[in-house]
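2 protein chains.
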Amino acid sequence: MNRVGLHELTPELPRFLGQAAYLQLSFFEHLSRAVTAAPTTASKEVVSRVAGMALARHQSFVAELKRLGLDPSAEMEPFVIPIDAFQLTTQGSDWSETLLAYYVESGILDDGFLSIAGGFDDEETERIAKVLSDDEPRRLIAAELSAAIGDNPRLASRLALYGRRLVGDVLLLARSALDLPENTAPDDERLEPVLTELIADHTRRMDELGLTA
Amino acid sequence: MNRVGLHELTPELPRFLGQAAYLQLSFFEHLSRAVTAAPTTASKEVVSRVAGMALARHQSFVAELKRLGLDPSAEMEPFVIPIDAFQLTTQGSDWSETLLAYYVESGILDDGFLSIAGGFDDEETERIAKVLSDDEPRRLIAAELSAAIGDNPRLASRLALYGRRLVGDVLLLARSALDLPENTAPDDERLEPVLTELIADHTRRMDELGLTA
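Listed in order, the protein sequences are those of chains A and B. Residue numbers are given in the working numbering: position 194 of the first sequence equals residue 184, and the series is strictly consecutive. Residue numbers are given in the working numbering: position 79 of the second sequence equals residue 69, and the series is strictly consecutive.
Some hints could be false.
One copy or two, it doesn't matter: identical chains are merged, so the pair holds either way.
What the hints assert, rightly or not - Derived pair list, reagent style SDA-like, types lysine to any residue, alpha-carbon separation capped at 20 Å:
no., residue 1, residue 2
1, K56, V36
2, K56, A32
3, K56, E113
4, K56, S33
5, K56, R5
6, K56, R39
7, K56, L130
8, K56, E35
9, K120, L3
Please keep in mind that the hints were generated in silico from the structure rather than gathered at the bench. Note that the coordinates shown come from a computational prediction; the quantities given were computed from them, not determined experimentally.
If we strip away everything but chain A, and leave its shape as in the complex, we get (with noise of 0.2 Å):
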């Protein structure tokens, strides 16, 4: 969970769980959509319910705010423009892309998210890494995923290719939760081990579908 040097970049608490909430919201948004575009009644099936999971994924982190006393709209509110964007550039153009870009988008993000909580206080850490670390819901994704790549093989070099064009806009996000000055290069060494591992994370979650990253 501590990745090198992440945590010693990680932003105040509100700034994190209002992030981390309006990205799950935006993560329900874009599977939902999903659900409406799945090409057989049990694929909607499985997708609802990983919507459903984002979604409970959000409410945890909005409950967060809430015991902090803090308005979780409010929070969330500097998060929407952004996150807004990146949905709307990384959404696909079909539903295996969609799904994909959420296998993409989840795995770097989360393992992103849960190794910036590692400078919290521990009892916090922990209840961050209690609701990012279950893998179930890309798990259900990626059987989606393979069935699909099952039936249709040439869909293979495109969702690889489509992988490789979300990997950069993922990262960018990934870095804007950090605390970082605004100066700072885009190779700072402090970032580096931490990029390359994620990146090396994201490779093995691509070959896991049999796709090269």
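On the provided structure of chain A, position chain B as indicated by the hints.
Okay, now just chain B, sitting in the frame of chain A:
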């Protein structure tokens, strides 16, 4: 709960559960669109909570189907086309109409389905009533609608008009949940008292929003 006559027209349990499950999934999709269209982050937050409640209802009916050893997707399948078509014609042209559609539809259909469920054995009736009788989702939506009407009183007449346009389609859907021979007359005397009661309750709910039914 036991409205005149309706429980005499109760269909087989799997058919009821399949339709009820798909209807809630469809409400979930409908509400998810309203999450994306919400005018403020606070509204987004509330509507997402209601979407989660529709999803939980869907999951309860799916669990009932599984308990009977049935495949939920297969049982929902016959209802996909009619319910998708229903949602398409009743999705509303903006956020407030989308919310009103959920308010009107879930009001009439929850009542109708509760009444139909009176024809099952007591335990089953009880389990179904537990899922459908909580009116918190509708109360949350009513509060959003009241606030929107308060901000823009001219909205009231448009929404009242839209509500009147919805009722016919909603009653047709309620009717399709009954075990009726195809050649049953629209004014079959067993249906009339039930329709009268469903419409009276609908009128009361519109009144609560200050809208003329």
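Of the hints stated earlier, which fail here? Hint check: nothing fails, all pass.
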